[in-house]
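S.K.: Chains as they are written, first to last, in my numbering: chain A, 1 to 502; chain B, 1 to 502; chain C, 1 to 502.
Since the hints were derived computationally from the structure, they do not count as laboratory data.
Do not take every clue at face value.
If several chains are the same, the list does not tell them apart, and a pair holds so long as it fits within one copy or across any two.
Subject to a maximum C-alpha distance of 16 Å in a straight line, what follows is the list of computed EDC-like cross-link-like pairs (lysine to aspartate or glutamate) [claimed, not checked]: (1) K170 <-> E493; (2) K147 <-> D349; (3) K496 <-> E434; (4) K71 <-> D82; (5) K107 <-> E196; (6) K489 <-> E434; (7) K206 <-> E386; (8) K427 <-> E169; (9) K489 <-> E431; (10) K170 <-> E431; (11) K489 <-> E169; (12) K77 <-> D289; (13) K111 <-> E209.
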Amino acid sequence: MKRFIGVILLLVCCLLSSVNGGLVPKDIVPQGGLSPQTEACIGCHHIYTPGIVYDWMTSRHSKTLPVEAMKKAPLEKRISVDSLPKSLQGYVVGCYECHSLNTDSHKDNFKHMGYSINVVVTPNDCKTCHPVEAQQFAGSKKSYAYKNLMGNPLYHSLVSTVTGMRRFEKNQILAEKPSDATLHETCLGCHGTKVEAQGLKTIPTKLGEVQVPDLTNWPNQGVGRVNPDGSAGACTACHPRHGFSIEVARKPYTCSQCHLEPDVPAWNVYSESKHGNIYSSKYQQWNFDSVPWVIGKDFSAPSCATCHNSLVVSPDNAVVAERTHDFGSRLWVRLFGLIYSHPQPKSGDTTIIRNRDGLPLPVTFAGEPASGFLIDRPEQDKRLQEMSGICRNCHSSHWTASHFAKLDSTINETNRMTAAATNLMAKAWGEKIEDNSNPFDESIEQMWSSQWLFYSNSIRYASAMTGAPDYASFKNGWWHLNTNLQHMKNWIEFKKELTEKD
Amino acid sequence: MKRFIGVILLLVCCLLSSVNGGLVPKDIVPQGGLSPQTEACIGCHHIYTPGIVYDWMTSRHSKTLPVEAMKKAPLEKRISVDSLPKSLQGYVVGCYECHSLNTDSHKDNFKHMGYSINVVVTPNDCKTCHPVEAQQFAGSKKSYAYKNLMGNPLYHSLVSTVTGMRRFEKNQILAEKPSDATLHETCLGCHGTKVEAQGLKTIPTKLGEVQVPDLTNWPNQGVGRVNPDGSAGACTACHPRHGFSIEVARKPYTCSQCHLEPDVPAWNVYSESKHGNIYSSKYQQWNFDSVPWVIGKDFSAPSCATCHNSLVVSPDNAVVAERTHDFGSRLWVRLFGLIYSHPQPKSGDTTIIRNRDGLPLPVTFAGEPASGFLIDRPEQDKRLQEMSGICRNCHSSHWTASHFAKLDSTINETNRMTAAATNLMAKAWGEKIEDNSNPFDESIEQMWSSQWLFYSNSIRYASAMTGAPDYASFKNGWWHLNTNLQHMKNWIEFKKELTEKD
Amino acid sequence: MKRFIGVILLLVCCLLSSVNGGLVPKDIVPQGGLSPQTEACIGCHHIYTPGIVYDWMTSRHSKTLPVEAMKKAPLEKRISVDSLPKSLQGYVVGCYECHSLNTDSHKDNFKHMGYSINVVVTPNDCKTCHPVEAQQFAGSKKSYAYKNLMGNPLYHSLVSTVTGMRRFEKNQILAEKPSDATLHETCLGCHGTKVEAQGLKTIPTKLGEVQVPDLTNWPNQGVGRVNPDGSAGACTACHPRHGFSIEVARKPYTCSQCHLEPDVPAWNVYSESKHGNIYSSKYQQWNFDSVPWVIGKDFSAPSCATCHNSLVVSPDNAVVAERTHDFGSRLWVRLFGLIYSHPQPKSGDTTIIRNRDGLPLPVTFAGEPASGFLIDRPEQDKRLQEMSGICRNCHSSHWTASHFAKLDSTINETNRMTAAATNLMAKAWGEKIEDNSNPFDESIEQMWSSQWLFYSNSIRYASAMTGAPDYASFKNGWWHLNTNLQHMKNWIEFKKELTEKD
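In isolation and in its complexed conformation, chain A is listed as follows:
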């Protein structure tokens, strides 16, 4: 009976909404511009999920006709498509405009109140208006974040070793495979899960039971999420629903969801740096919403987006850097050591890499880069020049060059420190103190992993931003790099002692 009343209510609500939008209070929707379908959505959802309706109302999408957006001057454009289907031209970008696209490829499509709705909006849908950004993103490592981690046997093994359960049985610690739930909220929280539709599911709502697609590993906004339409990525990783704000994406808190200590301490280093200090002290006086983004006028110190992504111009509107959604495209070196820091890979898909040892790693254990898969010197120089060009809007050429020369030295030193640790581990393997069947699961191996994954990485990030001297010294840097190396040596001696006794 309860269920029956629910269904009736739903029908009435839906009917009223789609007929005349009468359920939508005038003060919560912009005058004109709403498609009838979106008006119907809001008719119910302003009551059932008001949070997202109101959030969308703060967005540019809720106030912008795509045809108007397309008329803007090139530097001011936020839309990159040249022509749009008629159905999207006359309305602001509402619920239905995004949730109804490319339904054929969407395994998460379902019938909802008479409409054909996708649960998940994907980069392939956003591409309708933002094809340049979708295209750039599709070629980036971020887009391959799931595949690069889970499709690489070596990294997959690290993932399983780190996040898998253990049980204690017969005097042994036995490893289990990690559960989907744990993968979901650890590694794949950032890298993205594989979301698949497995039929429909009946769920209770305020209005009675409804049927919705049953999605695996959902909800998730990891940047390399594999979507039910086969596409990869989640624009919402950086532009959270339903405001899709450029302001949020330009503020460093967005990047700080994932680029964090101990392995990728970009945020930690930034927040301790001079740039981070100026940002924190002054950002409320800056403009994070303007396109293009004007150095000196809109801001006086960079956030992450300034150097890595945004369309940045000088006050006289000269382009300093073009907008890019290929997040590595201004980078020549990959600080994140695997296991050594190395030139950026050519392809966003890093599973194709094979080093001289035949392993899917960009560098061999001995330190030799898999050069065929990495960008060459001219490309590295080109990118270094592009990044330096941003720096030079505030810093002299000498300053900028000296800064990056220091980074080069640090990359070299930390790579050598990794080599020392690798030699120690090889010695332990050679002496049968531990075995190399899984290079991540024993104590000496865990210490070795800390060397490159935590300490060397931290030092390099601190060097790259010339900030965080304390971080590079005591917090997660040289102090640990050196004491941990000593621990490795101690450990080998102890284990040898024990082994010999047996």
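Assemble the complex: chain A is given as a structure, and chains B and C must be docked to it using the hints.
M.R.: Same frame as chain A, but now just chains B and C:
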């Protein structure tokens, strides 16, 4: 002589103030509304402690007549009493209105410039205008924070072991009891100290010597502080003096004073989460002062208070959640493992709990909950539904249900990991490698404590907010949970080796 | 050819600018007040480094004639000189006014577009208008930050041990000296590098090649930087170029560039404290730019600068504390243990200290202070009273006194804990388990260093601000202080076992 002049000055100051308030500049106090007593307080204190006088001037208390506050519509009310003594009706809430209440029970009462003043204002005093909040708080675990820690022999033993001094004598490390000063600024900094009045004390001031109550373990604003009037709690833990602001309490920095890594990393996880990112990026555009607090209009992502405490309504003024000052009342599970995560206790007083082993722990060492003292399944479901109801203002039912199903899985996994560590420790005890007289003071025991108190807790907090994947992976989560378990096993082997040799 | 065109362009640009400033758009410079030289600078630099030009435009320097600044009432003055050379009187403080001073002593001076320009502006240059601040700073430990670290053989040895490379050879870990690059971005990132001019260097710019001074260890803004004019310090450590803002220096993010965990966790403790909570919740409603800074009116909780540096007055303009740029001048005790906490040194130059053991340490290994080099009791009391006077603007005398009594107790306890660890290490040395030739390079010594440098320091900082109880308990405090002491003892036992076997 110096003292004599001081006394004279005090008398003059006091006299002038109480006669006509002539010492209070017109521009620093609101026109009308001040009681003569409060006017006298301010007469001196705007000179001697201007910081708190001006802070109070920014408060609602300094501008509000309680009788007016009582007339507001139910959802807009910030005062919960139905009738007030006449003496409090006609004046704004000033110094004297709060510091002169219930003097009979206040052992910290003293004669000050002719008035009878309490040093400490307690929940029992605030109750005069806010009885509903005081009542809710009194039943909560927060109100028992001192007793639950110091009155539970097992936890008390943990406290003493962690914070007690050590000395090195005769080749032995000998433990001492922690000092009051150290307890005060460690555990009891959050849990609250026991503040007792032990007579009067003469102290020098700018105006000469004055006599004030000599209070032990003061100053302190711990949430479970035991007050000189016998009451428990400090409203100032979250509403700092003398602004008593709802804005401050709703911002997450307030909770972050105590709910911190490594044991209770609520703030750390929040700040790395999607909600935390949106908060940090947008909060300056939100309204933290409105009552009721309107989802979508006043804010677009939750802070701690949104989910745990505040009166939250939808834009059409439908109540989503009632205000509560019983901070666990919307929670079904207690993530904070003791030593396993378990259903919330029925009573805020957890010293009454006895598990099947007879220990004052909500779960046995083997993992069996003390069910009689914990809320039952229907109550758990009711609370889960209430919390989900808040989520569903922005997220679909499927989304919300999947989120909490994931949390269930994580609670189960981390509890099993704790069980593995407990088995290892039991083995060490069984083999006489260490002894269980104090389960916290030897190395294997410290590693075991880290497993549940730091790593399992961290993973559960990260899961509960689906944020901070990095935190749950490498920072304080699975990486440590697994490597530390390995360390426990290594440790047992080494100690055995040493023991056997002797 | 390319180079030739560049030179021509430069000349034209420079000529036009110096003749009529015609290249400077009217809307980017204030009407009048610019010196012809500064106008020439901006003529090119608004195009080539617009970031710093626009940043300077937000500054007080760009809008203020020094002669007008000198006329202000004493409490409102930001300039401390009594008379100025004529050349500086009639213009705002622009590029040339700062970069052209004291050229004779500047080894980094070079001919640039017809002008004689210093690359680095030093405290000795800022002294032209701010002699009182420069003088105070020159006597402070901050000004000696480079010398105190690198000129003290013991500390220098710590630096080298912590940041030096290691290589693994012939089964041994061999230490190397740290590189300049690594020193630069670790210890000397905060302490300051030694910047020296070593001739000229040709660098490519947008306008062709130019010759600039070749500076070593540059760029750097460490607070004790040794400058090419022989002076010490970098005002830009706290007042970042080219806004030179008092607002930035007063916000705690500035101090947080260096005063960070694990060794000097001032920021970490502050941000978890009640003061830090109020700051974070309310600072946007405060005024960080006013001089003098009025307690209660401009702010309602202190930032670092309030207690340590700023000219602070009460609302009736009574001076609570005078401005100081000698950062230790309000401090009686040095929390930062070397190796024990001790009274502040008399001189900013701590390399002159010799303790009874003849070591350049303020305390002996056994805990006896080098009293002759440290401030005496009356001076300590005087400074305690000055600091307490700031506290008492918001807190009672009893509150304040109790707070600092607690700190005294904690200093005593943590010093005793350091003594216990020192005894353990001495035992290890005595038993030849490790050797004391370098007191920082072996495992027992690293554990010992952690005791005072990380854990005792953390507890004392937490105590001094009565904040961060969690920090002092589990994060970096008593938990570690006690478990690490246990590790030291375990370590000695293991090593003994191994040694005996051999």
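S.K.: Would you mind marking each hint as holding or not holding in the structure?
M.R.: Results of checking the hints against the structure:
no., hint, in the structure
1, K170 <-> E493, "between (27 Å within a copy, 15 Å between copies)"
2, K147 <-> D349, "within (8 Å within a copy, 50 Å between copies)"
3, K496 <-> E434, "within (10 Å within a copy, 20 Å between copies)"
4, K71 <-> D82, "within (10 Å within a copy, 59 Å between copies)"
5, K107 <-> E196, "within (8 Å within a copy, 66 Å between copies)"
6, K489 <-> E434, "both (13 Å within a copy, 15 Å between copies)"
7, K206 <-> E386, "between (54 Å within a copy, 13 Å between copies)"
8, K427 <-> E169, "between (30 Å within a copy, 11 Å between copies)"
9, K489 <-> E431, "within (13 Å within a copy, 21 Å between copies)"
10, K170 <-> E431, "between (26 Å within a copy, 15 Å between copies)"
11, K489 <-> E169, "between (30 Å within a copy, 12 Å between copies)"
12, K77 <-> D289, "within (12 Å within a copy, 37 Å between copies)"
13, K111 <-> E209, "within (14 Å within a copy, 67 Å between copies)"
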